[in-house]
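Number of protein chains: 2
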Amino acid sequence: MKFQNPEDTICALSTPQGMGAIAVIRLSGSDTFKIINEVFSRDITEIPSHKVIFGTIKDGEEIIDEIVLSIYRNPNSFTGEDIAEISCHGSTYIQERILNLLINKGARLAGPGEFSLRAFLNGKMDLSQTEAIADLISSRSKAAHKVAMNQMRGGFSQEISALRQELLNFASLIELELDFSEEDVEFADRKELTDLLDKIDKKVNSLVASFQYGNVLKSGVPVAIVGAPNAGKSTLLNALLNEDRAIVSDIAGTTRDTVEDTIVLDGIEFRFIDTAGIRDTKDSIETEGIRKAFEKIKKARIILLLFDLEGVRDDEIIEQISLFEKKSVQEDQELICLFNKSDKVKVDDRVNLKDIGLFISAKKGEEIDDLKKILVSRVKSVSSYDDTVVTNVRHHEILKKVAASIQKVKDGMDQQITGDLLAMDIRETLNLLGEITGEITTDDLLGNIFANFCIGK
Amino acid sequence: MKFQNPEDTICALSTPQGMGAIAVIRLSGSDTFKIINEVFSRDITEIPSHKVIFGTIKDGEEIIDEIVLSIYRNPNSFTGEDIAEISCHGSTYIQERILNLLINKGARLAGPGEFSLRAFLNGKMDLSQTEAIADLISSRSKAAHKVAMNQMRGGFSQEISALRQELLNFASLIELELDFSEEDVEFADRKELTDLLDKIDKKVNSLVASFQYGNVLKSGVPVAIVGAPNAGKSTLLNALLNEDRAIVSDIAGTTRDTVEDTIVLDGIEFRFIDTAGIRDTKDSIETEGIRKAFEKIKKARIILLLFDLEGVRDDEIIEQISLFEKKSVQEDQELICLFNKSDKVKVDDRVNLKDIGLFISAKKGEEIDDLKKILVSRVKSVSSYDDTVVTNVRHHEILKKVAASIQKVKDGMDQQITGDLLAMDIRETLNLLGEITGEITTDDLLGNIFANFCIGK
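Same order as they appear, the protein sequences are chains A and B. Heads up: the first sequence begins at 0 in numbering that gives the first Met the number 0, then just goes up one per residue. Heads up: the second sequence begins at 0 in numbering that gives the first Met the number 0, then just goes up one per residue.
Simulated from the structure, these hints should not be mistaken for laboratory data. It is possible that some hints are incorrect.
Pairs count within a copy or across copies, as identical chains cannot be separated in the list.
No farther apart than 27 angstroms at their CA atoms in a straight line, the calculated lysine-lysine pairs in the BS3-like style are these [to be verified]: (1) Lys399 - Lys298; (2) Lys57 - Lys379; (3) Lys104 - Lys145; (4) Lys50 - Lys33; (5) Lys104 - Lys141; (6) Lys50 - Lys123; (7) Lys141 - Lys57; (8) Lys57 - Lys145; (9) Lys372 - Lys325; (10) Lys123 - Lys57; (11) Lys372 - Lys141.
None of these values were measured; they are calculated from a predicted model.
Taking the hints into account, I'd like the entire structure generated from these sequences.
The structure is reproduced here in structure tokens:
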């Protein structure tokens, strides 16, 4: 993505597309108020910041709409620039007419995330905070919302930024030593530097480890239901979904795109992977033919392995579990064994299964609540992280590099490398840390980040 | 529709449903600021009207979102009540959390059009202006937008209201005469009353007549393309659509629900009726079997009757047109004859057709622009109305009754009926006029009107 001129005054529809009671069109940049004065029924030159005024938008003599205009004068605005927000009637025709009018008067349509980009470039937010906006908007569960909100309000990036500043001071001192290299002075206390490196290292490693959990919170927990055709997989899925699928949309009129079956339990979203290939197969789970379908469940974090208690002996089930675990369960996957149709057999007789899984009746909905509790606990057991959780792939990648980079600095110190080499290694760490907060950026980096934003944000 | 308590404080999402950069939640009623003070990070008691302030929405200790709050203090608001508008991040999760929170604090979800209803009940707008809001929001073409905007800004209802006031004065005078009936005085000048009745009558009849045009502007002009299977109907439709269908959505990212093929020409929307039954038939147009399909084109205002010039003689075509006109064209329908495939025959030889239709080549797109001009002119020729056009079925129905009612008053005066009977007839006219502006309303009437509004407006 090539950035367009940051000096332009930009405009975009900021509310969702389509028809509604009202729509909001945002205008930001140095020409904002000049443009508004050309199309608005009142002169806003003397209107103070953070005022809303009522008036009409006109294209020449034609009244396009009666609107409410909000005025934000730089630097006290989201972007740090002059901003006008036009709250108009939510007709798509009116939205288009107003956008066209603003464009005719010299604004241009904003690119994806361009308002947020400007907020970052004008120092209103650091990069990680800005990135959290997109996460916040797309959050669909309590957990995802909480993590994004925490990140937007500073989250770990303020801590990272503070640690980076401390390290920067050391780097400066070490670089200063180089100017006095013939005198063999040591301005930077090596013990303190080591302590700081340890501190950063600990923080970074904790953040790296939190990503597994954070990613789950943000994207939902992929769950696969695996079992022989008669085991009752779709009955189980329905039992899980029926009660809870409406939780996130219990307010009349809210809609969401459901691309897969999901439920939200205790604020955590669980996504059920389409394992149609396994559902439909007539092969039993140990056969070779089903391997292909199993590729799909490699994406799962939790696997529900479902057995039909009827007509299958305990030792057969145990053997199959053992085989499945060996062949198909990866290290980072959680396996939960479920023994279905507990309403049809004498559960008390199946003592060998008691400790390795849960007896359920998918059809009668029995023990489904227990299963839900287990699902939640398996996710939460992954970590005891507080709100400071990394959910962003980019941050995770950089943090891993930071950890390696710090190790390199430490190794260098152990090997008593020269100050100039040490300074270089520290600079590398500093650069990496700066990429998280945006203190160090490139156009490419920003382009990648903001391309994923929606227009109008 | 039963109205809910107008004393309640109501809340709703006012922007379109779904995910966007921002969403706006509106709260109106006497508890608005009390509720906001319970969930907002800042005390707004001292904040003046028409200010926007930044802060956080909290559910207990949990931060739901960073928002911008707009404050409107009664009576200077859309509804005339205290209003708060919460501009939050456009996550559906956040929208739901905030609405739930407001409801928990004592607000209730607004019914359809309930904000507009309150604006009417509190005297911020008359009824016809309020009704225009719904039309404005659903307007999709320049013409529909213009008519709705004119109506929202007062339009004919102010005139109606003024005429009604004049008539009301006469009614009072005539009722006063009744008190002095034994003295045989005449406070109400009968000549002036007759002049006023003529004035109202003229206005009302002009408005009644404008409805045909107004309805077309609001809902689009239904057009049917009729012709034998080989005449080139779908080629013609494509030729008409291809260039212009994108006109109303030329701004990137705007979408609209296209339920049928439509084009907008010169600001007027043309809707092509699905005449699939006719398109697919193998019968020629004069046969009996096709009659059923013709039921559909009764809904058309304009019929494009399409002939294939190839292999059909002029006299055959003329005969078919004559038959079609007689059997299938209603009085209020416009018939346009089109002779297709002008690229394949010698048009100069077809002198008999020259004056009764247009030679076109749907395939090569020839004369399609001329056809478009004809379509527009046929709609505009219906009337030379200015902006004061009736588009609302309810208004149209009442205006027709007003015309009849005035006639009754006039007849009464001609027959020199007694003052008390005359006063009764005038009261009837007054009541009808008052139903348009809302000076006279019933709960049923309001219920019907606002049930068609969207929630949040």
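Right, here's what the structure says about each hint:
Proximity of Lys399 and Lys298 under a CA criterion of 27 angstroms is satisfied intra-copy only: 22 angstroms inside one chain copy versus 68 angstroms between copies. Proximity of Lys57 and Lys379 under a CA criterion of 27 angstroms is satisfied inter-copy only: 25 angstroms between copies versus 56 angstroms inside one chain copy. Proximity of Lys104 and Lys145 under a CA criterion of 27 angstroms is satisfied inter-copy only: 22 angstroms between copies versus 41 angstroms inside one chain copy. For the identical chains of this complex, Lys50 and Lys33 are neighbours both inside a copy (17 angstroms) and across copies (22 angstroms), given an alpha-carbon limit of 27 angstroms.
Taking CA atoms no more than 27 angstroms apart as the test, Lys104 paired with Lys141 passes between copies only; the shortest distance there is 20 angstroms, against 43 angstroms inside one copy. With identical chains, the CA atoms of Lys50 and Lys123 are at most 27 angstroms apart both within one copy (21 angstroms) and between copies (22 angstroms). Only between protomers do Lys141 and Lys57 lie at most 27 angstroms apart by alpha-carbon distance; the minimum there is 14 angstroms, versus 43 angstroms within a single protomer. Within a single copy, Lys57 and Lys145 get their C-alpha atoms only as close as 42 angstroms, which misses the 27 angstroms cut-off; across copies the closest is 12 angstroms, which meets it.
With identical chains, the CA atoms of Lys372 and Lys325 are at most 27 angstroms apart within one copy only, with a shortest distance of 26 angstroms there and 75 angstroms across copies. In the homo-oligomer, the alpha carbons of Lys123 and Lys57 lie at most 27 angstroms apart only across protomers (22 angstroms), although the nearest pairing inside one protomer, at 33 angstroms, exceeds that limit. Taking the closest pair of Cα atoms, Lys372 and Lys141 come within 27 angstroms of each other only inside a single copy of the chain (17 angstroms); across copies the shortest separation is 57 angstroms, beyond that limit.
Going down the numbered hints, you'll see the structure goes against none, and every one checks out.
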